[in-house]
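Chemist: Residues per chain are reported as follows:
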Amino acid sequence: MVERKQSRRRPKEKGSVLNVAGKTLIRDISFCGVPENGSNASMVDVKDGKIIRIRPMHYDWKYDPKDMNPWKMESRGKIFEPSMKTLLPPYSIAYKNRVYSPARILYPMMRVDFDPNGNRNPQNRGTSKYKRISWDKALDIIVSEMNRIKEKYGPTALLYESDQHGENKVVQACHGAGRRLLRLWGGFTQQNRQPDSWEGWWWGSKHFWGCEPVGQGQQSNLLYDIAKNAELLLFWGCDQETTPWGWQGQLPSRLSYWWTEIGIKQIYVCPDLNYAAAVHADRWIPILPNTDAAMYLAITYHWFKNGTYDKEYLKTHAVGVEKYEAYVMGEEDGVPKTPEWAAPITGVPSRVIKALAEEWASKRTTVVIGNGGPGIRGPYATEAARLQNICLAMQGLGKPGVNQAKMIEWGLFDKPDQYAQPKSLRVPNLRKAYRGGHPDETNHPSFIPKTYIPKAILEGQCDWYGVESETAPRQDQFVHYKYPADGCSKIHMVWTDSPSWITSWNCGNDYIRAMRHPDIEFMFAQHICLENECLLADIILPVNTKLEEDDIAVDIFSGQYNLLFPEHKCIDPLGESYSDYEIVCKLAERLGLLEKYTEGRSVPEWIKYGWETSRCADLISWEEINKKGYYVVPTADNWEDVPAGFYEFYKDPEKHPLSTPTGKLEFEATGLLKHFPDDLERPPVPKWIAKGISHEETIGTERSKKYPLLVCSNHPRWGVHSEHKDMIWLREIETCKLKGPDGYQYHPAWLHPLEAEKRGIKHGDVISIYNDRGTVLAGAYITERIMLGVVYIDHGAKWDPIAVGEIDRGGAINTIVPRNTTSKNAVGHAVSGFLAQVEKTDIEALKRNYPEAFERPFHPCAGPDIEGWIEGGK
Amino acid sequence: MGKALIINYDICNGCYNCQIACKDEHVGNDWTPYAKPQPLTGHFWMKVTDMVRGTVPKVRVTYLHDLCQHCDEAPCIPACTAHAIYKRDDGIVIIDPEKCSGHRNCIDACPYGVIYFNWGLNIAQKCTMCAHLMDAGWKEPRCVDACPTGALKFGEEEDLKDEISKSEILHPEFEAKPRVYYIGLPRSFVAGAVYSPEEDECIQDAAATLADSDTGEEFTVKTDNYGDFWFEDMKLNHSYSLRIEKDEYDPQEIHDIRTAKDVNVGDIKLYRKVKARKS
Chain A
759 MVERKQSRRR
769 PKEKGSVLNV
779 AGKTLIRDIS
789 FCGVPENGSN
799 ASMVDVKDGK
809 IIRIRPMHYD
819 WKYDPKDMNP
829 WKMESRGKIF
839 EPSMKTLLPP
849 YSIAYKNRVY
859 SPARILYPMM
869 RVDFDPNGNR
879 NPQNRGTSKY
889 KRISWDKALD
899 IIVSEMNRIK
909 EKYGPTALLY
919 ESDQHGENKV
929 VQACHGAGRR
939 LLRLWGGFTQ
949 QNRQPDSWEG
959 WWWGSKHFWG
969 CEPVGQGQQS
979 NLLYDIAKNA
989 ELLLFWGCDQ
999 ETTPWGWQGQ
1009 LPSRLSYWWT
1019 EIGIKQIYVC
1029 PDLNYAAAVH
1039 ADRWIPILPN
1049 TDAAMYLAIT
1059 YHWFKNGTYD
1069 KEYLKTHAVG
1079 VEKYEAYVMG
1089 EEDGVPKTPE
1099 WAAPITGVPS
1109 RVIKALAEEW
1119 ASKRTTVVIG
1129 NGGPGIRGPY
1139 ATEAARLQNI
1149 CLAMQGLGKP
1159 GVNQAKMIEW
1169 GLFDKPDQYA
1179 QPKSLRVPNL
1189 RKAYRGGHPD
1199 ETNHPSFIPK
1209 TYIPKAILEG
1219 QCDWYGVESE
1229 TAPRQDQFVH
1239 YKYPADGCSK
1249 IHMVWTDSPS
1259 WITSWNCGND
1269 YIRAMRHPDI
1279 EFMFAQHICL
1289 ENECLLADII
1299 LPVNTKLEED
1309 DIAVDIFSGQ
1319 YNLLFPEHKC
1329 IDPLGESYSD
1339 YEIVCKLAER
1349 LGLLEKYTEG
1359 RSVPEWIKYG
1369 WETSRCADLI
1379 SWEEINKKGY
1389 YVVPTADNWE
1399 DVPAGFYEFY
1409 KDPEKHPLST
1419 PTGKLEFEAT
1429 GLLKHFPDDL
1439 ERPPVPKWIA
1449 KGISHEETIG
1459 TERSKKYPLL
1469 VCSNHPRWGV
1479 HSEHKDMIWL
1489 REIETCKLKG
1499 PDGYQYHPAW
1509 LHPLEAEKRG
1519 IKHGDVISIY
1529 NDRGTVLAGA
1539 YITERIMLGV
1549 VYIDHGAKWD
1559 PIAVGEIDRG
1569 GAINTIVPRN
1579 TTSKNAVGHA
1589 VSGFLAQVEK
1599 TDIEALKRNY
1609 PEAFERPFHP
1619 CAGPDIEGWI
1629 EGGK
Chain B
3 MGKALIINYD
13 ICNGCYNCQI
23 ACKDEHVGND
33 WTPYAKPQPL
43 TGHFWMKVTD
53 MVRGTVPKVR
63 VTYLHDLCQH
73 CDEAPCIPAC
83 TAHAIYKRDD
93 GIVIIDPEKC
103 SGHRNCIDAC
113 PYGVIYFNWG
123 LNIAQKCTMC
133 AHLMDAGWKE
143 PRCVDACPTG
153 ALKFGEEEDL
163 KDEISKSEIL
173 HPEFEAKPRV
183 YYIGLPRSFV
193 AGAVYSPEED
203 ECIQDAAATL
213 ADSDTGEEFT
223 VKTDNYGDFW
233 FEDMKLNHSY
243 SLRIEKDEYD
253 PQEIHDIRTA
263 KDVNVGDIKL
273 YRKVKARKS
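From first to last, the protein sequence lines stand for chains A and B.
Okay, so the first sequence: first residue is 759 according to our numbering, each after it adds one.
Okay, so the second sequence: first residue is 3 according to our numbering, each after it adds one.
It is worth saying that the hints were derived from the structure and are not from the lab.
The structure displayed is predicted, hence computed values, not measured ones.
Check each hint, because a few of them may be wrong.
[Said to hold, decoys possible] With a straight-line Cα cutoff of 25 Å, these simulated BS3-like cross-link-like pairs (lysine-lysine) come out:
hint, chain 1, residue 1, chain 2, residue 2
1, B, Lys141, A, Lys808
2, A, Lys1121, B, Lys224
3, A, Lys820, B, Lys141
4, A, Lys805, B, Lys38
Can you build the whole structure from these sequences, using the hints too?
Modeler: Here is the structure:
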């Protein structure tokens, strides 16, 4: 005790002597966006050229809360208000890990067996290692290849894949900064990203209720509408504790707790006890992956049978109801879609389906979705999407408390009807200063939907409907396109930035085969870290993280306050890295197009132009925003009065029609009936489709005898798509990685204890998930958070090939997801709800068969790194 | 008086921001004399653990948080032969990184198991409640600043009186007087569902009565529209028996339910009483 008294003192050096703060800079650390989408404003403390810490941004740092006109939701005697700080996800806070990652590409590299003047060895892509080259050499080769290809085949022989799975940047944009250059250069073939997180809504719901461009329901003011009016929330394949993180942060979490506090019941329907269900669910209804369509059908059967739906509403708001009813009741095919019929398909007891149907019909119910969930990105996702919409319609869609609410992308594509949060006085927008490619850009005549890239290259030709752009209207789904387009070349060269194909799209193994095809004479990539398709490229160019660049940003998805802020670089670029925009400038210079490409503006001038055109220049001067470092846009007065969701359509469907051909909710889709009357995979009236010409991925089919488990694959918890997979502090978390007996951190795959026991698998074992498209290794995570009959593994894990195009060690499940698209005429991807088998891996046998792959060094805490891919290992 | 930290498990969403912010603050940053840099990986001065509770479909997750409890009677202090551990006036316990001689006595002495050893620097390390930041005028340590839901709260003990009165401490039997308080510490739930196989219906409003065989206490809840019942916060490691009753059905009993952990007794069938059966 005496000792303790002696030691009751503060250290001699007072804390104030320690410079704990450094200089504080405001940065947007969010991902996957286009310039409308910034979020996750963070405070980055920097000292002596080093990042000290990354933390939430406090809105009141330089502003009085009164100036922000804080919104306040009052309902049922309780109050909900925005927080005074941004609600960052863990990736933003841990972002130092990404900046200083052992996988960072720090200088240009070339594949060791690529010789542009000799043997190119395309068949070795994914196998061969790399060597360092100079920037001059890298640019010389790229430019001479561009010119050679253009001369030999024409400019459309160059495929530009500008993905949207990178950091949010504006002037320094990744995601297609090369598009403008290529247009000046004479053209190219554009990889058009299809609506990968919205497949079912985009290809299905747009034919039911319009809702351009994405197909998800009208969102305006729904957060408040739920608080005021909803009695029951059905979170259908929605994980608001995961998916919104990289896009907007964690207000959805706070909101979910508040909804519980004010007595709104939350039911989660999903195969996995996802991270939101784990903490918010009043009830979890486990459902077999991608069988949601059958469940919706059974619910509506119960309603038709008992008359517990809004018949009057349907008379004035919907068309084709009788056709749908005939199918549901079995008049069309002799099979009534009863709860007893749905029970074995869905794995949900019929009594639970009936109880849910009754509760739904008796309470004001909002269905809550969150992108990327298990119910909307599987084979035939159009059907589950439309059938869910039908359920809402039958209960009076648009009535207060009866809508489809999203837990992500509040304000998507700058659309007021997507603004679920309290309205802001102004939505700042940096589209005009943005130097990258936008999802709404078309590139006629030569483009290919992203899902069809492997098909185009491997088969040499293909044709499809739609995806003129990611935001193309419904009618585009009836337009026929082909590759090669008339007068255009086949592809012979590929340029990719922020690549994320293999780990996030359909059958990554096909893509790998395509890039090893001899037709692809040259491929180059630019990226921050060595991952994904970088490993297939002949030349790799090093890109900064955004913390190494000056830029300008908005934060508009948080749901709290909108922000506008110039961004100052926190540290000098590492190694020889540049921003994506600067790299394109280097190419433009060599092509003699620099002045045209930059439009005569320097980066600082573009940044200032961003402020000028941000819609906020009249609210804050350039001097003031630079002095304070940021601008908080106040909440609009009377935000409470914005009509919620489909309310106006509900009140008066004639005055406020939908954008469907009839202006009504189309139980039988007019457009599909006209253009694809015989399509059994996306019929005019939505149906349960167990299998078809595109897919055989359900239990009970012939394939399921060999591959008896359904794979459920959500958007990842510990990263945005393929990003962040090398971040050490995330990889320490057991649901992120499991260390195998060989010291390698395997990607976890969830198995129910009984499924594991059947296969002799123990927690932490290395397991193989396989089907006829390949094998993926994973770490067995045995848990009650997944139902029987399912293996859960999230997408985006880092591809680490053992046998290129066949076996992956990193857990990149998308290498073995279906190669075929959503359905015959809907070229979305189907990446969850497919068949596979799981077994314990004989790792020693694999090592004997593939010694080189297993000898490749990896970082014990960050996973596959640069060392594994540099010749000589340094 | 002094600082206190309150951790509310009821509103912890498990985002791990606290664990990560701690690393962001201490890995690669030298805050001597408060703390030397934490190793890149392997230390968890604020450690989060997923506790998956129950079985399908009665499952939920509670996120446990382990960190230095900044005890007023900290066993680590007298255990340190180098006299490197001290308690500040504000209650924060610090291992002086310059005095620590790497004997690891504190690691053995800490009953909470929250002191880590840095093999590179040969010193023991643990949570400092970000004392270096407090002394520089910060109001909260990094873990609290990073918490999005308000599950972590930090401040002067007297300002947090209300919350502290609703909270508990970990292992009071250690008699170490911790400064970290917990709300919503997991106990055990007993849950299940009741249905009629004859009618293929969930049975609502059945009375579920759970009797504690050890104390004789009884708890009754009604089943909901899914036939579900949940008994929350039952005592750990007690024996219970369960009785399900509804007028027109034969009652069901389940005995020897042991709350070694959370219990899902599963789906319970009720059959109509013979005389009540329709045909």
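Chemist: Does each hint hold? Answer for all of them.
Modeler: Going through the hints against the structure:
In summary, the hint linking Lys141/B to Lys808/A is supported, as the alpha carbons are separated by about 24 Å, within the 25 Å threshold. Restraint check for Lys1121/A and Lys224/B: the C-alpha separation of about 20 Å stays at or below 25 Å, so the hint holds. In summary, the hint linking Lys820/A to Lys141/B is supported, as the alpha carbons are separated by about 17 Å, within the 25 Å threshold. Simply put, Lys805/A and Lys38/B have alpha-carbon atoms about 17 Å apart, close enough for the 25 Å limit, and the pair holds.
In the structure shown, no violation is registered for any of the earlier numbered hints.
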